[in-house]
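Protein chains: 2
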Amino acid sequence: MKRSEVRAAQRRTAEMFAKAGIVMTPEEIENIEIAWFGLDNLEREGLELVTYVNTDRYCAKELVMFPPQTCPEHRHPPVGTDPGKMETFRCRWGKVYLYVEGEPTENIKARIPEGSEPYYTVFHEIELSPGGQYTIPPNTKHWFQAGPEGAIVSEFSSTSRDEFDIFTDPRIRRIPQIEED
Amino acid sequence: MKRSEVRAAQRRTAEMFAKAGIVMTPEEIENIEIAWFGLDNLEREGLELVTYVNTDRYCAKELVMFPPQTCPEHRHPPVGTDPGKMETFRCRWGKVYLYVEGEPTENIKARIPEGSEPYYTVFHEIELSPGGQYTIPPNTKHWFQAGPEGAIVSEFSSTSRDEFDIFTDPRIRRIPQIEED
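Here the protein sequences come in this chain order: A and B. FYI, in this note's numbering the residues of the first sequence are 1 to 181. FYI, in this note's numbering the residues of the second sequence are 1 to 181.
Be aware that one or more of the hints could be misleading.
All copies of an identical chain are treated as equivalent in the list; a pair is satisfied when it fits inside any one copy or across any two copies.
To be verified - Derived pair list, reagent style DMTMM-like, types lysine to aspartate or glutamate, alpha-carbon separation capped at 25 angstroms:
#1 Lys19 - Glu155
#2 Lys141 - Asp56
#3 Lys19 - Glu149
By construction, these hints were calculated from the structure, which means they are not laboratory data.
Whenever a hint applies, use it, and build me the whole structure from the sequences.
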């Protein structure tokens with residue numbers, strides 16, 4: 001992605017925080033992380049986030065999804081003595097459809113991103129509205145998609161080590177470079 | 001405290017969540033924890049809270065303070081192999097004055113609760129407004145007081161084991177019984 005596209009996505013994210021009444025500092029706004037996973041379409045497969053804190057014991061983030069963005073399927077594997085990241089999603093605003101391993105739900109509400117069908121393999125659906133939350137065990141495949149207005153989701157977790165995440169889609173690079181305009 | 005007083009404090013807490021745009025489920029509202037520490041005056045020394053999640057790896061809570069409530073000085077000691085709870089406070093609404101070990105601040109903004117003066121001993125002041133946050137290391141004495149409108153503070157932390165907290169005030173019991181009316 002180009003620097004100008006990253007800036008535009010940061011502005012849109014900031015507007016969603018403002019609409020939801022979630023206060024960020026100017027420095028946090030400036031550093032909103034835009035995750036496009038090295039794929040070519042942020043609107044299709046992507047995620048925006050602010051990491052509040054990430055220590056060797058716990059982590060907290062605020063995730064933003066534009067409609068109908070999808071965070072691609074991945075898992076958090078064991079790393080050394082860490083059994084893998086465990087995370088709790090709490091929907092704050094909008095709606096999010098979360099898919100995890102388990103009994104597949106018939107007629108899921110999300111639409112699998114076109115062209116990425118082979119890389120979505122778990123279909124046990126959890127629908128989260130504001131106040132709803134769900135805890136994903138370590139090393140469990142999951143993916144999630146925003147509802148029609150987008151979503152803001154608080155993530156509470158053990159230590160985050162994004163660089164070890166394993167995505168089902170082999171085309172994905174978690175931390176790609178920004179291209180200068 | 002009597003059951004009716006606990007219910008009234010829960011209602012007031014729910015109103016503050018609503019005012020701040022923080023959505024809770026009916027079950028969370030029903031179970032808001034009112035912490036009066038076995039002291040006789042919730043308005044003076046007390047805290048209201050909802051625990052979103054508390055696993056063996058991490059914990060997340062939403063803390064509410066009525067003005068001019070104070071959470072009394074305490075620390076989170078090591079428990080077994082756990083070096084003690086580490087916690088990050090992030091102010092979401094209102095204002096909170098936090099005091100930790102370190103260089104004492106002259107003319108602190110909080111007023112020490114009357115009758116409890118001997119039990120407040122650390123005075124390094126951190127003032128948190130919405131978007132402001134601070135991480136308290138394990139086993140570090142701290143206390144905090146709401147600003148003039150009260151406060152809502154997200155707490156992200158390692159595992160919470162409130163029953164092991166060590167309060168400076170020997171009169172305090174962390175988990176006292178509710179008296180039926």
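**Q.** Violated hints, by number in ascending order, as checked against the structure
**A.** The structure breaks none of the hints.
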